[in-house]
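Hints given; two lone chains; assemble the complex.
What follows is each chain in one-letter form.
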Amino acid sequence: MSKIKVLAIDDEPGATRMMKINLESLGQYQVEMVNDSTQSIATALRFRPDIILLDMVMPNLDGGDVKRLLQENEELKDIPVLFLTALVSDSDTSSDVSLVESGDGIMIPKPVKTEVLRSCIEQTLSGVL
Amino acid sequence: MDAGGDFSEKFGLKHYQSILDNLPVAVFAKDATDEFRFLLWNKKQETISTIPRQRALGRTDYDLFSQESAQYFREMDEKIVRSGKPLEIPEEILETGDRDEVYLHTYKIPIFDHDRTILVGISEDVTETVTNRKALQKASRTIQAKEQEIEKTQLQLIQIAKLESIGQLAAGVAHEVKNPLNLILQGVEYLDRTITEKDENTAFVIEEMNHAITRATKIINELVDFSTSSRFDKRECDLAGLLDGVLLMLRHDCSRLDVQIDRDFAEGLTVHVDQAKFEQVILNVVINAIHALRDVAQPRVAITTRKSTYSDERSEGVRTGKQIRIGDPIVEIEIGDNGAGISPEHLDKVFDPFFTTKPTGVGTGLGLSVVRKIVELHDGFITITNHPTLAGAMVKIVLPE
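Chain order of the listed sequences is A and B. According to this note's numbering, the stretch in the first sequence is residues 1 to 129, in order. According to this note's numbering, the stretch in the second sequence is residues 1001 to 1401, in order.
The following block holds chain B by itself, in its conformation from the complex (with noise of 0.2 Å):
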């Protein structure tokens, strides 16, 4: 004999509901055979659901509940009691009148007597643990986020702290080469001055000896420009002015590859520039458009210039300036070509010193290393990506206004 049995005998159904309203979990029970009317209602159920036991009973859940909940519940009970088995629900949401979302974590059990069905629900709020645990989720991912921006940042520091010792090396380097190149250069002046009759292949020895000093030079001089911060003199300067002298100076590698420029700038645009440094860097960024064009049927480079407001639009390759914030007038530079553009593994590294995809002796691959400092001293930054209607590589220049 069971203890139930004992209960019921002595006691009868009378405590039945005053042990169900002491539950510390609702309690409900519908007749599946009467539209799931509410036969029973617990005062745990009262308090979750916000709704009194004298109006839930003899009513179904469209009466109770929104369209939406009632048609979920529905739906579910019908499939309780089609497959005539228990069925643990760990999370379901009930939306009511007064508190917001409340998470249930509900048992719903069929029972079967004679032609009747009732279907007893048995539920534990669990809004709590489940609002905890979706705000841990949320922290969670922020914490995620945050790490990666760390190790951004990381990378990017690494970064600058490489480029700074690739400047203090190259400094160093510069002034050590640059005194052997001088008595070079002096010594092949001498013989070319003294050796006064030379056969083709001795004028050949010296100018050839003569090109290699200028290129070594060259080279060498781009190091300094990229490790020192070099004096500047900067002034307001006209922009369309100043781009249309840089695009004088290149009218005959233009011209000899026949490639066509077009000028996009708006008026009256003025930048605070040193001229020359940044004539450098638009003759520079411009050549690498031009070299780019080699193999292309009909070679295009386009130049814009617009005045605009920072937006914080950050893409592949991006260089952000130390002192544009979102929301401050910029101007911006675009050069863009039809080339061949570069390919995304390509991308973060054009800026790094020595990176080039020219032939030896071709390109140092200080050029774009350089042009990127001289931006960054004038306080704005360069992005270069690939130009979303000419296919080729777009860089873009901007500085505060």
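This is chain A alone, in the form it adopts within the complex (with noise of 0.2 Å):
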């Protein structure tokens, strides 16, 4: 079974070596890390991820920009896309995986549980989500 490829997209490295590092002990994940959020298109047409988990807040280009960008672009536009962000709180949560509706898509708060990001991506990828 071919693993699943996730592009995490923070400006912190950190925080995207730790995903990498907590995602890939679960097994069945392979990450690949942007920390410069302008190098997000050309890092994704080279890695073809399966789903892209993006920063909101970063310098340059912000996560809703990284967003619009991917939608423009004809080849990544089906990408799903998750965002992380430390803007919203917990109890605006609307499920049970601690997740809320915006605008721009799901968000998903910090700090959030390596658990709740694998049950994230996987509803999303089977379509519940």
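Simulated from the structure, these hints should not be mistaken for lab results. Don't be surprised by glycine CBs; every beta carbon is placed ideally from N, CA and C.
Derived Cβ-Cβ restraints for the label pairs, each shown as a range:
{"hint": "1", "chain 1": "A", "residue 1": "Leu26", "chain 2": "B", "residue 2": "Asn1201", "range": "21 to 31 Å"}
{"hint": "2", "chain 1": "B", "residue 1": "Asp1192", "chain 2": "A", "residue 2": "Ser126", "range": "22 to 32 Å"}
{"hint": "3", "chain 1": "B", "residue 1": "Leu1377", "chain 2": "A", "residue 2": "Thr38", "range": "37 to 47 Å"}
{"hint": "4", "chain 1": "B", "residue 1": "Thr1153", "chain 2": "A", "residue 2": "Ser126", "range": "54 to 64 Å"}
{"hint": "5", "chain 1": "B", "residue 1": "Asp1348", "chain 2": "A", "residue 2": "Glu72", "range": "51 to 61 Å"}
{"hint": "6", "chain 1": "B", "residue 1": "Asp1199", "chain 2": "A", "residue 2": "Arg48", "range": "36 to 46 Å"}
{"hint": "7", "chain 1": "B", "residue 1": "Asn1201", "chain 2": "A", "residue 2": "Asn73", "range": "50 to 60 Å"}
{"hint": "8", "chain 1": "B", "residue 1": "Ile1219", "chain 2": "A", "residue 2": "Gly64", "range": "22 to 32 Å"}
{"hint": "9", "chain 1": "B", "residue 1": "Ser1311", "chain 2": "A", "residue 2": "Gly64", "range": "43 to 53 Å"}
{"hint": "10", "chain 1": "A", "residue 1": "Gly64", "chain 2": "B", "residue 2": "Ile1326", "range": "38 to 48 Å"}
{"hint": "11", "chain 1": "A", "residue 1": "Thr38", "chain 2": "B", "residue 2": "Ala1276", "range": "34 to 44 Å"}
Pasting the structure below:
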């Protein structure tokens, strides 16, 4: 069984590295990291992820900008995106997996447990979310 | 030889009446040895009293004025005669039939002549001065009241500005703190998973770190709740059902602490609220009440709902809603307890962020400030007072119907 390819975009290298370590330790994930959001499209085109984890607040291009660029790209527009953000709180949550629907899409509030992250990824890929 | 001597020698008494009648002050005289009957009544006295001279002469105060006024004049006159000294009365009221109250500045002089005593009075009409002064005093009191109101409003504005700046600060801090918290959480998770053989201490350290992260996250989330006006999903909710739902969540705490819950819900009341947010409000308030009942012998929480009309009954700790006006139909929810209550110096502060009487780690001090914010975002307001009968605190939440 081929691994699930995750592109983690966050300006904080520690954050992407931590996600990579945790998700890959689960076995079925392969994680590529982007810390300079202007490199998001180029990396996505090269890596061809199954899903993208996108930090909301970043310098240069923020999460919303990156999402728009992805949607404008014919080859990337269908890749599902999950936002990670420190801006919303847990009490805004509308479901068990701590998700918030906003205009931009599904938001996962930080801090987030790897278990929750995995659950979100699986549900998104299976079309539940 | 004095001037008066000259005048009376030349003219006798015939011009005295003319002089008296042209004085700008009222002059009268009473015969103290004959029931204080009037002997003298000049023109100005006619004008002021609206009583003509012919009617006044030979009569007493009792014939001319009200019983009350006459009695006052008589007592004053007798006192002056007894003392034998003139008296200045800076302000006295004369009630007349035609005019409203007239204020007089009066001198009364007793004159002793052999076996007779005459009481002479000279009065200046000071009604205008007194009326002006009273109007001025009233205006000054109004100004004072307005000034106090302005001062109070200023304090409230300062308070609002303070809360807003705390809110902005909180939002910024929350974002900056949640990112490192995210790293710590995932780092601890990784250690927990990869350290397969944990001794007792390692297990303890990891567990405590997880607890600490949960606690910090909770505080930060409360801060974010406080600082952002989150999205609201308001619907018509059955109030009794909502309250019972919250009480159900708290049934373990209530039975553990032996707290008796008295429900007195008006039937069929609905409120237009974001159910989840409003449950948080009730939950917070009831938990506060339960916390206040720790050392109480027969702990009770009384919850009452009713339909009412807003009548601006301001009290200590009041926070007024933006849109409720006097006469508006409202729904009131009262949550009282029989705990120790709130000390007067704390009543004003309980809604301030970070105000808490609980030990560090138990309360963040954000609960009631978040509660107030949510209630205000529902166009309602919340007050906290000490309960009139239960001795503990009473929180009243008022929502537009």
